[in-house]
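Undergrad: Chains A and B, in that order, are what the protein sequence lines are. Under the numbering used here, the final residue of the first sequence carries the number 415; numbering is consecutive throughout. Under the numbering used here, the final residue of the second sequence carries the number 415; numbering is consecutive throughout.
It should be emphasised that the hints constitute simulated quantities derived from the structure, not laboratory data. There's no promise every hint is true.
Copies of the same chain look alike in the list, so a pair counts if it works inside one copy or between any two.
To be verified - Cut-off 27 Å, straight-line C-alpha distance, at most; resulting in silico cross-link-like pairs (DSSO-like, lysine-lysine):
(1) LYS327 - LYS288
(2) LYS342 - LYS327
(3) LYS159 - LYS327
(4) LYS135 - LYS288
Because the structure is a prediction, the values reported are computed rather than measured.
Number of protein chains: 2
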Amino acid sequence: MADDFLRLIHLPQAVELLLGSLPDVDDEVETVSSEEAHGRVLARDLVAPEDLPGFERSTMDGYAVRAADTFGAGEGLPAYLEVVGEVLMGRPADMRVVRGQAVRISTGGVMPAGADAVVMVENTELSGNTVELVKGVAPGDNVLRPDEDVARGSLLFEKGLVLGPPQIGALAGLGIDRVDVFRIPVVGVMSTGDEIVPPGQVPGPGQVRDVNSAALVAAVRQAGCEARAYGITGDDFDRLLTTSAQALSDCDAVIISGGSSAGVRDMTAGVLAAMGRPGVLAHGIYLKPGKPTLIAVCDGKPALGFPGNPASALAVFRELMVPLLRKLKGEAPGPGTGVPRKVEALMDRSVSSAAGRLELVPVSLHLEGDGLIASPILGKSNLIGTLARARGQVRVPIGVEGLEQGQSVDVELLE
Amino acid sequence: MADDFLRLIHLPQAVELLLGSLPDVDDEVETVSSEEAHGRVLARDLVAPEDLPGFERSTMDGYAVRAADTFGAGEGLPAYLEVVGEVLMGRPADMRVVRGQAVRISTGGVMPAGADAVVMVENTELSGNTVELVKGVAPGDNVLRPDEDVARGSLLFEKGLVLGPPQIGALAGLGIDRVDVFRIPVVGVMSTGDEIVPPGQVPGPGQVRDVNSAALVAAVRQAGCEARAYGITGDDFDRLLTTSAQALSDCDAVIISGGSSAGVRDMTAGVLAAMGRPGVLAHGIYLKPGKPTLIAVCDGKPALGFPGNPASALAVFRELMVPLLRKLKGEAPGPGTGVPRKVEALMDRSVSSAAGRLELVPVSLHLEGDGLIASPILGKSNLIGTLARARGQVRVPIGVEGLEQGQSVDVELLE
Numbered sequence: 001m002a003d004d005f006l007r008l009i010h011l012p013q014a015v016e017l018l019l020g021s022l023p024d025v026d027d028e029v030e031t032v033s034s035e036e037a038h039g040r041v042l043a044r045d046l047v048a049p050e051d052l053p054g055f056e057r058s059t060m061d062g063y064a065v066r067a068a069d070t071f072g073a074g075e076g077l078p079a080y081l082e083v084v085g086e087v088l089m090g091r092p093a094d095m096r097v098v099r100g101q102a103v104r105i106s107t108g109g110v111m112p113a114g115a116d117a118v119v120m121v122e123n124t125e126l127s128g129n130t131v132e133l134v135k136g137v138a139p140g141d142n143v144l145r146p147d148e149d150v151a152r153g154s155l156l157f158e159k160g161l162v163l164g165p166p167q168i169g170a171l172a173g174l175g176i177d178r179v180d181v182f183r184i185p186v187v188g189v190m191s192t193g194d195e196i197v198p199p200g201q202v203p204g205p206g207q208v209r210d211v212n213s214a215a216l217v218a219a220v221r222q223a224g225c226e227a228r229a230y231g232i233t234g235d236d237f238d239r240l241l242t243t244s245a246q247a248l249s250d251c252d253a254v255i256i257s258g259g260s261s262a263g264v265r266d267m268t269a270g271v272l273a274a275m276g277r278p279g280v281l282a283h284g285i286y287l288k289p290g291k292p293t294l295i296a297v298c299d300g301k302p303a304l305g306f307p308g309n310p311a312s313a314l315a316v317f318r319e320l321m322v323p324l325l326r327k328l329k330g331e332a333p334g335p336g337t338g339v340p341r342k343v344e345a346l347m348d349r350s351v352s353s354a355a356g357r358l359e360l361v362p363v364s365l366h367l368e369g370d371g372l373i374a375s376p377i378l379g380k381s382n383l384i385g386t387l388a389r390a391r392g393q394v395r396v397p398i399g400v401e402g403l404e405q406g407q408s409v410d411v412e413l414l415e
Numbered sequence: 001m002a003d004d005f006l007r008l009i010h011l012p013q014a015v016e017l018l019l020g021s022l023p024d025v026d027d028e029v030e031t032v033s034s035e036e037a038h039g040r041v042l043a044r045d046l047v048a049p050e051d052l053p054g055f056e057r058s059t060m061d062g063y064a065v066r067a068a069d070t071f072g073a074g075e076g077l078p079a080y081l082e083v084v085g086e087v088l089m090g091r092p093a094d095m096r097v098v099r100g101q102a103v104r105i106s107t108g109g110v111m112p113a114g115a116d117a118v119v120m121v122e123n124t125e126l127s128g129n130t131v132e133l134v135k136g137v138a139p140g141d142n143v144l145r146p147d148e149d150v151a152r153g154s155l156l157f158e159k160g161l162v163l164g165p166p167q168i169g170a171l172a173g174l175g176i177d178r179v180d181v182f183r184i185p186v187v188g189v190m191s192t193g194d195e196i197v198p199p200g201q202v203p204g205p206g207q208v209r210d211v212n213s214a215a216l217v218a219a220v221r222q223a224g225c226e227a228r229a230y231g232i233t234g235d236d237f238d239r240l241l242t243t244s245a246q247a248l249s250d251c252d253a254v255i256i257s258g259g260s261s262a263g264v265r266d267m268t269a270g271v272l273a274a275m276g277r278p279g280v281l282a283h284g285i286y287l288k289p290g291k292p293t294l295i296a297v298c299d300g301k302p303a304l305g306f307p308g309n310p311a312s313a314l315a316v317f318r319e320l321m322v323p324l325l326r327k328l329k330g331e332a333p334g335p336g337t338g339v340p341r342k343v344e345a346l347m348d349r350s351v352s353s354a355a356g357r358l359e360l361v362p363v364s365l366h367l368e369g370d371g372l373i374a375s376p377i378l379g380k381s382n383l384i385g386t387l388a389r390a391r392g393q394v395r396v397p398i399g400v401e402g403l404e405q406g407q408s409v410d411v412e413l414l415e
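With the hints as constraints, model all of the structure from the sequences given.
TA: What follows is the structure in C-alpha cells.
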C-alpha cells in the first residue's frame, strides 16, 4: 500500500492523541514501605505530620547565650560569660541560662532555657570557667526554631512527584514509613514477521533474530515500568490477534513490533482495528526514523505498531512511548520533564533533511582537542550497526533543511 | 577544632585523589545472561561473531531486478519486465532472475540469484504478469550486502560501555546470550551521632531521625550500585571503628554520615585514620554545601565522612561519590559522562557566593509565561525543607561572586 493512502500525523499530535485517550490513574494506588518507594510516583499530596526539628536547635558549635549579654562585644571589647554546663547531643538541655552565663553546645544540640542565640566557637576563647566572646549575636542567631525546617501541616510533596533520594530521605526524617504510590504500569511487547526468529535460534536463510523484543523490554524497564514479553507471532492474522488481545487484557499498553514489510504492517493495522474502539488513529508519523508507526487506542488502552527496524523502534519508543508511560505512571509534568541530557558538538559533515518531517540524526561522538565532534551515522537502514555506533542524536525540526558541516549542534545523549 | 587546622582541598582534586587510589577493576568480572545485562558495564571488548544480515537483503518493498534491464527507464519511457515469482519472508529465494525478468520482494527479503537491485513498489505498476518501471536503478540500489549491517570480526562495543536498550538489542540480534560484565560495586552506608535515631523510632528530646542512611542508600542504588546499610553508631569511637572496619571489609567503599557536631567529625576522622593506609587525605572540600567532608583511602578502598546535613550529604554524593562509583563500576569515561540534565531559567533574586569555593545553590523551579523561573532556597541549614523543595541547583564556580536577579542560568535538575 503506498503511503498516500495512509493517514500520517505529526509527532506532537500523536503524543496528544495518545495522552488524551488514557484513563485516569487516580484509583491505581498501592501502599509501599518508604524504603521500597525509590523511583515510585507519589499518589497523594504528602503533608508533614510533625514539626522538624521539633525543638529549638543550635545550628553551630559554640555557646548558647542570652544575646543581650553579648551586645557590643568585639575584638577590642570582648564580653565574658561564665560557662555553667554543656548540652549533650541527643539529650534534653537540663539547665537554664541566666544573665552572665553561657552553656557549651554542639551543632544540633537543644537550646537550653533562657538562651536565645549561639555564639560560634570560632569567636570565643575559653579560659577555665570563663568564655571570652569577641563578637556579639542577635536573638535567634545560629538557632533553628522548632518548625523552621518543616512545619506540621505544610505541603511537603505534591501528588505526581517521583520519589528520588532527597524525597526518600525526607520521608525517613519525618518518620513516614509507608507511602501511597501509583501502581507500576505494565507494557506488553511482541514481535511479528515470518522472518523473525528468537535470539537463541540460528537463523535460516532469509531469517533474522528478534532484536526489538529485547531492546524494547530493556527500554520499558529503563522507563520505570514493567515489561512483559509475548514472543514472536508469524505473519498470521488470527495468531497475532489472539496474542495481542491477550497482551492488551494483561497490560496497560501494548507494542507490536512489526516485521519490515508493508504486508505485515497492513496486517498489524487490521489487528489493531479489530482489538477495540476507536482502533487505529494514525498510520504513520512525520518522523525519521519512525515513519511507519501505527497508533491505536483499543478500549482505553494504547496499542502501537512499531517499525521493524531496531533504531527506528527505539526512536519511536523515546519520542512517543516515554511521554505516554510517564502519564500512565501518574507523573505530574513539571519543569524539566522529558529534557534529555545534552552535549554541544560540531558536525563533521553536512546532513540534508526532507522538509515536512522531524528528523533525528544518529551520531557518534568523539573528542578533538577540547571540543566534541558529532559524526552522523548514515546508511541504508536503521539496523544493528546504527544501534551499536550511535551515542547521541541531533534533532532537525520540521522546516529546517538540514545540518551544515562545522555547525554547532546540541546532541541528545542516547542511553 | 577550627577549620584553619584542617586540610581543605578543591573538588576536582578530591575526585582525582580518590580516583587515583582505586584498584583496577579488570579482574572483577562476572558472566550474566544478555537479558539481565541491562545497565551493566561491559568487561571486555565485544567483537561481532557473525555477519549481519548474513544474506543479501532487500531494503524496500518492490521488485528484484537486473539493474541493466532498467537503465534509462523513466516516466516517459518505462521499462517492462516479466514477474516470474515472489520471495517469501523468512524463506530462501528459490528462483533466478534472468534478463527481462523481475521477482516480487518485500523489505527484508532475500535477493534472488541474478538480481542486483530492487525497484521500489512506488515506481512500478503491475498489470497481469508484467511490471512497468518508471524509474531506473543502479546495481546495489535498495540492497544490503551480507556484511553491510555488521561485519564479522568488527569491534561492536568497547569495554567499559554501559549496556542500554540499544546494546541489549544488538546482543539479541547477534545471538549473544551471555556477556562478561563488571561486578556491581557494593557501598556500605552508616550514620553516626548520639542524637540520631532510626526512622521508625519516635525521637526523644534533642533527637532526630536518621535521614542520611535512607537517602544515601537510595542514591547508591540510583547510581547503579548495591547499598548495604550498617545502621547508626552513637558517638563511641570503638563501636564506630568496629562497624566501619566491618563495612570496609564487606564493601568496595564506605560512607560514614556524620553527626552534625565538630566532635563527631573529629571522632570520624580518627576512625578513618585507624582503618587503614594511607588514611585521611583531606578534612574538607572548598564546596558549599559539603565543606566538612572527610576523604580517606584505607588499604585501597575509599572511605568518606559525609556531612550530617542531608542536602549537604546528597550534594557531596553527587559531586564526589558518583564519579568514584562510575570508576568502581568499570565505566569508561566518554563524551557526555556525568553531564546532568539541565534547563535554562531566570533567577528571581540575587545570591552572593563566597570567593574560593564552588557553590551549589539549590533552587525551586516554576513556569512564568513561556520561561522558567529559578528561586534560590535560602535558609539556615541544608535540612529536610531544602531537600523537599529543591528541584535543581545552579553551579557558582570558584571566582564567580554570585548570581544576579534576572540572570539567565543553567539549572541542573536534581533527581
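Undergrad: Could you run down the list of hints and mark each one as holding or not?
TA: Hint-by-hint comparison with the structure:
no.	hint	in the structure
1	LYS327 - LYS288	within (24 Å within a copy, 36 Å between copies)
2	LYS342 - LYS327	both (23 Å within a copy, 22 Å between copies)
3	LYS159 - LYS327	within (13 Å within a copy, 36 Å between copies)
4	LYS135 - LYS288	between (68 Å within a copy, 24 Å between copies)
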